[in-house]
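All chains, full assembly: derive it from the sequences and hints.
Those sequence lines, one after another, are chains C, Y and B.
The letter at position 333 of the first sequence is residue 333 when you use the working numbering, and the numbering goes up by one with no holes.
The letter at position 180 of the second sequence is residue 180 when you use the working numbering, and the numbering goes up by one with no holes.
The letter at position 329 of the third sequence is residue 329 when you use the working numbering, and the numbering goes up by one with no holes.
Read the hints as simulated data drawn from the structure, not as lab findings.
A couple of the hints might just be wrong.
As the list makes no split between identical chains, a pair holds if one copy fits it or if it spans any two.
Pairs of lysine-lysine, DSS-like flavour, derived with a Cα cap of 30 Å [unchecked claim]:
#1 K19 to K316
#2 K94 to K311
#3 K29 to K94
#4 K141 to K94
#5 K311 to K78
#6 K94 to K114
#7 K311 to K29
#8 K78 to K39
#9 K94 to K316
#10 K19 to K141
#11 K4 to K311
#12 K119 to K178
#13 K141 to K311
#14 K4 to K316
#15 K141 to K29
Residue-level listing of the chains:
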Amino acid sequence: MFPKNAWYVACTPDEIEGKPLGRQICGEKMVFYRGPGGKVAALEDFCPHRGAPLSLGFVRDEQLVCGYHGLEMGCDGKTISMPLQRVRGFPCIKSFPVIERYGFIWVWPGEKEKADPAKLHHLAWAESPDWAYGGGLYHIKCDYRLMVDNLMDLTHETYVHSTSIGQKEIDEAPVITKTEGDEVVTSRFMENIIAPPFWKQALRFNGLPEDEPVDRWQICHFLPPSHVLIEVGVAVAGKGGYNADPQYKASSIVVDFITPETETSHWYFWGMARNFKPQDPELTAAIREGQGKIFGEDREMLEKQQENILKYPDRKLLMLNIDAGGVQSRRVIDRYLAEEREARSLVG
Amino acid sequence: MFPKNAWYVACTPDEIEGKPLGRQICGEKMVFYRGPGGKVAALEDFCPHRGAPLSLGFVRDEQLVCGYHGLEMGCDGKTISMPLQRVRGFPCIKSFPVIERYGFIWVWPGEKEKADPAKLHHLAWAESPDWAYGGGLYHIKCDYRLMVDNLMDLTHETYVHSTSIGQKEIDEAPVITKTEGDEVVTSRFMENIIAPPFWKQALRFNGLPEDEPVDRWQICHFLPPSHVLIEVGVAVAGKGGYNADPQYKASSIVVDFITPETETSHWYFWGMARNFKPQDPELTAAIREGQGKIFGEDREMLEKQQENILKYPDRKLLMLNIDAGGVQSRRVIDRYLAEEREARSLVG
Amino acid sequence: MFPKNAWYVACTPDEIEGKPLGRQICGEKMVFYRGPGGKVAALEDFCPHRGAPLSLGFVRDEQLVCGYHGLEMGCDGKTISMPLQRVRGFPCIKSFPVIERYGFIWVWPGEKEKADPAKLHHLAWAESPDWAYGGGLYHIKCDYRLMVDNLMDLTHETYVHSTSIGQKEIDEAPVITKTEGDEVVTSRFMENIIAPPFWKQALRFNGLPEDEPVDRWQICHFLPPSHVLIEVGVAVAGKGGYNADPQYKASSIVVDFITPETETSHWYFWGMARNFKPQDPELTAAIREGQGKIFGEDREMLEKQQENILKYPDRKLLMLNIDAGGVQSRRVIDRYLAEEREARSLVG
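Quick look at the structure:
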């Protein structure tokens, strides 16, 4: 159950460097590669000749070539050529709209004619020289919505990430959740607390005292179909918190692009955008490594939670106030799903 | 097909030391831990909040805490607390009756009100300082009843364990099987034979001649739901065999607690209780290692036998006199199953 | 969908040296071993006593003994003996006709009474001292017919085996395919080309110039049920090609015995028979190693092609002229399948 008429992150540019990439997204087996003019293309990963995956082939003169018998496929899904063959009557394969932007390849798995580039959210940090980004990719064996729940309720940090970003004050601070149009925002502010290890390190990087009280914030933004961007940070206590002058704070955006693979698995593109020391690649690497460990801690929990839910499919889960972020996000997803269903039934 | 109203071995105390243990027993996912006063508790391994396995959590102040969002669960399956939440309306999860006795944790996966501690078999050897016990745990991918069959027909030792405890005289000696109430006993006595390697070693440990003829016995006791205890031993030939004076014999009890996990897999708690040199931990370790190897030899046979039976589900297997132990044990199991079915239909 | 009334390669003699071998062929679990007089026997791999696989047993005095409880099984599927048991009433298990010939064990998985040794194809190279053979076995997770397609359309060499036997002239040369009775032959001749690396090496072994133009040929023979024998070679250009005098050429036969295991997996016995330097075991080993690498390159392609076909079962694949070899071979297979269906319906 995932909306198909939406932009999802498919991969990063390094994954299609020099060779095509096969990846299943929203149930569709796709191949990604750089076609004519270096433009990224996405096609069904299925050669119309004998069904071989095109992703096992290669790119020659900016065209995708099947690695089995040399069929040359156009980025529109029409066969261009094949040794000694007339290809005009060959059946087409699906092509998928693609955008390369913000350091990611985005794909629209649904109806091509509805793919509007304007529907891709604007990510200011990804275009500004004041920001740096580092991240990675995990394959997680659970429904992508369990990951949305996870990220829209950060009280789990106290337990799952107790040695890095968790602290009991997260549980104790009230949370406010609201939906504005398609966006869900859930916020938590903690005042006059001691920073947990991850943030002590960030304070140090910013030349701020790490052992003095801080104000800390977490503002999670859900954007359809399944992106979660979390403004996080700490400021020297009493300097205005989230609104403090930059010299008093260390802050960043946790970036989570969650792309369904099947009903019970997804691709998790995680990362962090920061607006301090953006020109320091060693810092980027250090943060990336730390964050990679932290996000790895969620994996076992989510995959075993999925197993439990599959074993007891009839059980209703609780929806507490701390779950409001996930609950409201799922409502937005459900609305998208309903719209797609309705559109299909009108066509049918 | 396993009786649920019965005491099964769930785990050993070392497995719940300092952290909860998740284990599926008779189809139920359970979590085991030491709760208030150090008393072992068993609950459904399913947090009522979001379905996370409670076994991924931890024990704090003798209470189980969910590792995802900090829900504190009582050993009765009622939520005790959760940060910033009123938990009174939270749904309960199942709790399972548990007994810690004889060095094992026993669980009753069925109806709580029928769980009578008196139904736990008495194991005299486990409470006597004259006896020592060593054992281990294997996960075996076959119906637990194939393991019962295996242990109630020791002619397999000649073939599966030919280098340790097997010898052709086992096949050649007649076997007597009888059911007394719920207990099935199958016995075999071999007179004036040469001991196989395992028993030569035991004779040596007891200061007895290892190369002279012995009388050997095997008395297998099946006790419901699926425990098999085997009195085994050798005595210097002509001294009375099973009834010989202790100074002439080396004997022990092979202990097998067989706990279904699913219809086609089980937990196999194997071990040996001996009443010679009980204070010698090195001897315990040596026997444990030898026995671990021997019982590992059964695993491939049983798992492939299970595969064969699943591939040819309609084939009838033979029931020979040597199989009488398994056949009669299955009859006891079937009687338990019928009683449970009947009780359910009366309720329904 | 595989013909069962046919001779398939089951294994090679070294695989049953000293111990029985369990292998599933055409959906039947079989055990192979050397029985009375060293004659190979094939039986169902299922002990009539308790369903244990007989392949976990051993051979004693030229008879198969079950490794679980010592049942001694005859090569006709009738139990010979069992310790302390009368075995006359034991149910029989299936036995399968077997022939040992040409360095292989051949089995007939279908109706015993139709198993005619005369239906085994004659392989002259396997009986002649002028030829040497080396080969290996791969387990491939795809329908055996995808392997037949692969071998009956060698244009894939240009892509899958580009560094060894592939070259663009294969794609460019016309291919001629014809069916004669049960045999399908697809041929390709390339004149005045430069040999690819594998053939340069072969020319060198034959004392011929490796950098001068050659004529190259590939003549693929499909023989039911699923054998593919490919005459391949190169000759110094202009000396008559395929018909050139032996002193001017290097040639061999690629040998492919393809034995279905399940509907979507098979055993692939690959090898090469050559009629140059037959007494050179180092050369045999070198060729075997090279060929093993080459045939390993097909595996990923075929297994992922199978996954794609299973995911999109309704898609029609193309049948181009280059596919004629596979298409016509499948027609022969389909005819065999139809005959078996018809024979069954007459019986029914």
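Structure-based check of each hint:
no. : hint         : result
1   : K19 to K316  : between (45 Å within a copy, 27 Å between copies)
2   : K94 to K311  : between (36 Å within a copy, 15 Å between copies)
3   : K29 to K94   : within (10 Å within a copy, 42 Å between copies)
4   : K141 to K94  : both (26 Å within a copy, 27 Å between copies)
5   : K311 to K78  : between (44 Å within a copy, 21 Å between copies)
6   : K94 to K114  : within (15 Å within a copy, 49 Å between copies)
7   : K311 to K29  : both (27 Å within a copy, 9 Å between copies)
8   : K78 to K39   : within (17 Å within a copy, 58 Å between copies)
9   : K94 to K316  : between (38 Å within a copy, 15 Å between copies)
10  : K19 to K141  : both (26 Å within a copy, 25 Å between copies)
11  : K4 to K311   : both (27 Å within a copy, 19 Å between copies)
12  : K119 to K178 : within (22 Å within a copy, 56 Å between copies)
13  : K141 to K311 : both (15 Å within a copy, 19 Å between copies)
14  : K4 to K316   : both (26 Å within a copy, 25 Å between copies)
15  : K141 to K29  : both (17 Å within a copy, 19 Å between copies)
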